[in-house]
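Build out the structure end to end from the sequences listed, making use of the hints.
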Amino acid sequence: MNIEKTVAQMRKGVLELCILSILEHKEAYASDMISTMKDAELIIVEGTLYPLLTRLKNEGLLDYRWQESTGGPPRKYYTLTQLGKNTVAELKISWNDLVSSINKIIIQKTI
Amino acid sequence: MKKNIKVNVAGMLFNIDEDAYEMLENYLNRLDRHFSRTNGSKEIIEDIERGIADMMSNRVNSTKTTINLDDIQEIIKAMGEPGEIDDEEENNYSHSTSSRINAPRRLYRDSDMKVIAGVCSGISKYLNVDVAWIRILFVVLLFISGTGLLIYLVLWIAVPEAITTAQKLEMQGEPINIDNIEKKIKEEVNNLGDQITKIKKEHFTKKKSETNTPRRNQPSVLGSMIAALVKVVLVFFGLFFGILALIVIGFTIPAFVTAGGSLFFILGDLVYFSIPEVLRSITVNNSEYHMVFLPLIAIIFIPLISLILGSLGYLFGFRSEAKGINKALGILWIVAVVFSVVSFFQIKNHFEHDTVVKNQITLNVNDSTKTLYLRIAPSLMNLPDLDDDFATIYDEFDGDFMVIKTDSTYYAAPKFRSYFTSDSNFRIETVMKSHGEKPSIASKNVRNIDYKIVTKDSVIYFSPLFSFPSQDRFRNQQVEIRLYVPKNKSIIIEENPELTSQLYKEIERELGYSIP
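First to last, the protein sequences are chains P and E.
Just so we're aligned: the first sequence equals residues 1282 to 1392 in this note's numbering.
Just so we're aligned: the second sequence equals residues 441 to 956 in this note's numbering.
Rather than coming from a laboratory, the hints here were simulated on the basis of the structure.
Glycine included, each C-beta is placed from N, C-alpha and C at the ideal position.
There could be a bad hint or two in this list.
Stated by the list, open to error - Reference listing, derived: stretches of chain P covered by chain E, where coverage requires no fewer than 3 residues with Cβ under 8 angstroms from a Cβ of chain E:
| id | region |
| --- | --- |
| 1 | 1329-1342 |
| 2 | 1354-1365 |
Claimed, not checked - Chain E is nowhere near these chain P residues, computed Cβ spacing over 12 angstroms in every case:
| id | residue |
| --- | --- |
| 3 | S1302 |
| 4 | I1303 |
| 5 | K1307 |
| 6 | A1311 |
| 7 | K1319 |
| 8 | D1320 |
| 9 | V1326 |
| 10 | S1350 |
| 11 | T1351 |
| 12 | E1371 |
| 13 | N1377 |
| 14 | D1378 |
| 15 | I1383 |
| 16 | I1387 |
Have a look at this one:
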C-alpha cells in the first residue's frame, strides 16, 4: 500500500471542510488560510488551495471582496455565503459522525 | 554581470534575473496547460499568479531589489507542480500511450537508469528494447578488443543527457503533451526533480558570484569525476569476473555429466574427467556417492554463481538482493565443505591398504634364443570396441588414469617396463597391485584383475588392456609388465597389422618406447 497516497487522499477529502471552517468565524485571504493549514500539516503545497477556492466560489459557497495590500498585489478576501454556512454545519455533523464511527472500528480492532 | 528583466506579475512590477524569468514563465505555461480543461482555469491561474506575486513581494526589500533563480525555485516549490496542485481526481493517462509510436524519438543518455553514464539505458529507450540486451551487447563488444569501451566513451561524450522532462519524453518517444509531462513530473517529484534543482542551483550560484548567496556544500567536479572513474573500473571488474565465472561454469558443466563409457572423455579439445563416473567407480553405494557428489557441486559452483550474481546485481541494480542470496550461498558453501571433508576421509579409507602380487611368466625359450618378439593382441581377451578418443586420453595422461567402463567391467592399460639383466635368459614378470580398505579386500581386488599374456615360442602376445569387475570399484588397480632382457639379447616389437583401434596402436607404440 502506498501510505503517502492514502494519506494524501484522506487530506483531500477534508480540505473543503477545513477551508469552510476557517472562514466560518472571519474572512480570510489565501495566504491566511495557507498558513493555518500548514500549521495543521494539512497542506503540502500552496497551489492546492487556489483551484479549491475557485471551485467552492463557483458552487456558491464562498464570496470574496478585493482589498488593496501594502507592497503586494490586491488580495481576495473570502467569506462564507449563507449556502456556505449551511454546508459547513452539515459537513461538521458528517465529520463528527465519521470520526466516531471510524474510531469505533479502529478501537474495536485494536482491542 | 547579469541581464535583468522587468516583469509584470498580477499587476505588480518586479526586477527579475533572466534565468529566473525563464523558469517562472515555464512554470506558468505548465500551469496554463494543466488547467486548460478545468472550469474557471483563468481565475485559478490568476489567483496563483497573485499568490506568486505576493511571495515575490515578500522577497524584495530596499537592499535586495531583484528576484533571482533561488527565489523562483523556492516559490515554485512552495506553490507546487501542476500535478500536485490539482484537487480533482487524478487524470487517466491511458489514452496518451496509444500515440506513442508516432512521436518523435531522440537519443539521450538516461541518467535515471544509469550504471555508468546511462548510455545503454538511453539506447534501450530509443530502440524500445530491454536494457539488458544492450548491456550484454556492450559487454560482448568489450571483449572484441575493447570496441565496446570505445563506443561507450564516444556515446558518453556525444549523446546529451536527458535532463528536462521534455527531453525525457522525447527519449521515450512519448508525445510531449501536458498529460505526459505531468505524469513524468509526478514520477520524478521524489528523486530526480530535487537532484536537478540542486545541480542547477550549484551551477547558477557559481555563475553569479556577485550575489551573496550562501554557498552550498556540493561535491567538487573533480570528486565526482573520480567517483565516476572508480565506478567504471568497478563495473568492468564486476563484468570481467562475472564473465570469467560464466566461462568457467561453461567449461566445468561437462565434467558433471555422465560420460557413459570412460572416466574421461573428450569435448572439443579438452579432456574431461567425468566426475559422476569417477565417483561411481570409487564410492561403494548411492548414499556415499551423493555424500561426495552434491557437496562437490556446491563447492565448485557456489563461488561461481555468487560471482555472476554479484556482477549482475551491480549491472542491473539489484545489489542488495544479490548480497542476501550470496550470504545464504556462503552458508551453504561452508556446509558443503564440511561434508566434503568428512567424505574425503571416508573415501581415503577405501584406499587404506594395498597388495602387490608378482607372477613369473613361463617362457618356452632356451639359451639360444637371441630375440624375443612382442605383439599386442586384443583378441586374447574379450575387449570392447573402443573409439579413437580413448587413444587421445591415453596419450594425454601417458597411460595413467585411463579407465574405460562397460556394463560390469572396467578396463585399463598395463604399463610396460624393461630392464637389462645379467641373467642368460629372458624373463617376464607381471606385477598386479590394488588398494582396499582391508588387506583381504585389496588382495581380492588383485585376484579379480584379468590380464592375458600368451607365449608361443619366441613370440609373446600381450593383451593391450586388463580388466577388473566394476563391483570391486576402482581401487587403483594396476598391471605392470616387467621385461628382463639379457645384455647380449634383444626384443623386437612386431607391429600387429590387424590392430584397427587407435588406442591399441597407441599402446603398441608405448610398449615400443619401453624397450631400451
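Results of checking the hints against the structure:
Residues of the region 1329-1342 of chain P lying with their CB closer than 8 angstroms to a CB of chain E number 8, which satisfies the three-residue condition for coverage. Here the region 1354-1365 of chain P counts 4 residues with a CB under 8 angstroms from a CB of chain E, which clears the bar of 3, and the coverage holds. Its beta-carbon lying about 17 angstroms from the closest one in chain E, P/S1302 satisfies the requirement of being farther than 12 angstroms from that chain. With a cut of 12 angstroms on Cβ distances, P/I1303 stays outside the contact zone with chain E, its closest approach being about 16 angstroms.
With a closest Cβ-Cβ approach of about 19 angstroms to chain E, P/K1307 is found to remain outside the 12 angstroms limit, as its non-interface label requires. Not every CB of chain E is more than 12 angstroms from the CB of P/A1311 (nearest about 6 angstroms), against its label as outside the interface. Remark: the non-interface label on P/K1319 conflicts with the geometry, its nearest Cβ contact in chain E lying 10 angstroms away (cut-off 12 angstroms). For P/D1320, the shortest C-beta to C-beta distance to chain E comes to about 15 angstroms, beyond the 12 angstroms cut-off, and the non-interface label holds.
Chain E draws P/V1326 into its interface by the beta-carbon criterion, the shortest separation being 3 angstroms against a cut-off of 12 angstroms. For P/S1350, the condition that its CB be more than 12 angstroms from all CB atoms of chain E is violated, with the nearest at approximately 8 angstroms. At roughly 10 angstroms, the least C-beta separation between P/T1351 and chain E is not larger than 12 angstroms, which violates its mark as non-interface. The Cβ of P/E1371 lies farther than 12 angstroms from every Cβ of chain E, with a closest approach of about 20 angstroms, so its non-interface assignment holds.
Separation of P/N1377 from chain E is adequate, the least Cβ-Cβ distance of about 23 angstroms exceeding the 12 angstroms criterion. Even its closest Cβ contact with chain E, about 24 angstroms, leaves P/D1378 beyond 12 angstroms, as expected for a residue assigned away from the interface. For P/I1383, the condition that its CB be more than 12 angstroms from all CB atoms of chain E holds, with the nearest at approximately 22 angstroms. Once the 12 angstroms rule is applied to beta carbons, P/I1387 is consistent with being away from chain E; the minimum gap is 26 angstroms.
Of the hints listed earlier, those the structure fails to meet are numbers 6, 7, 9, 10, 11, in rising order.
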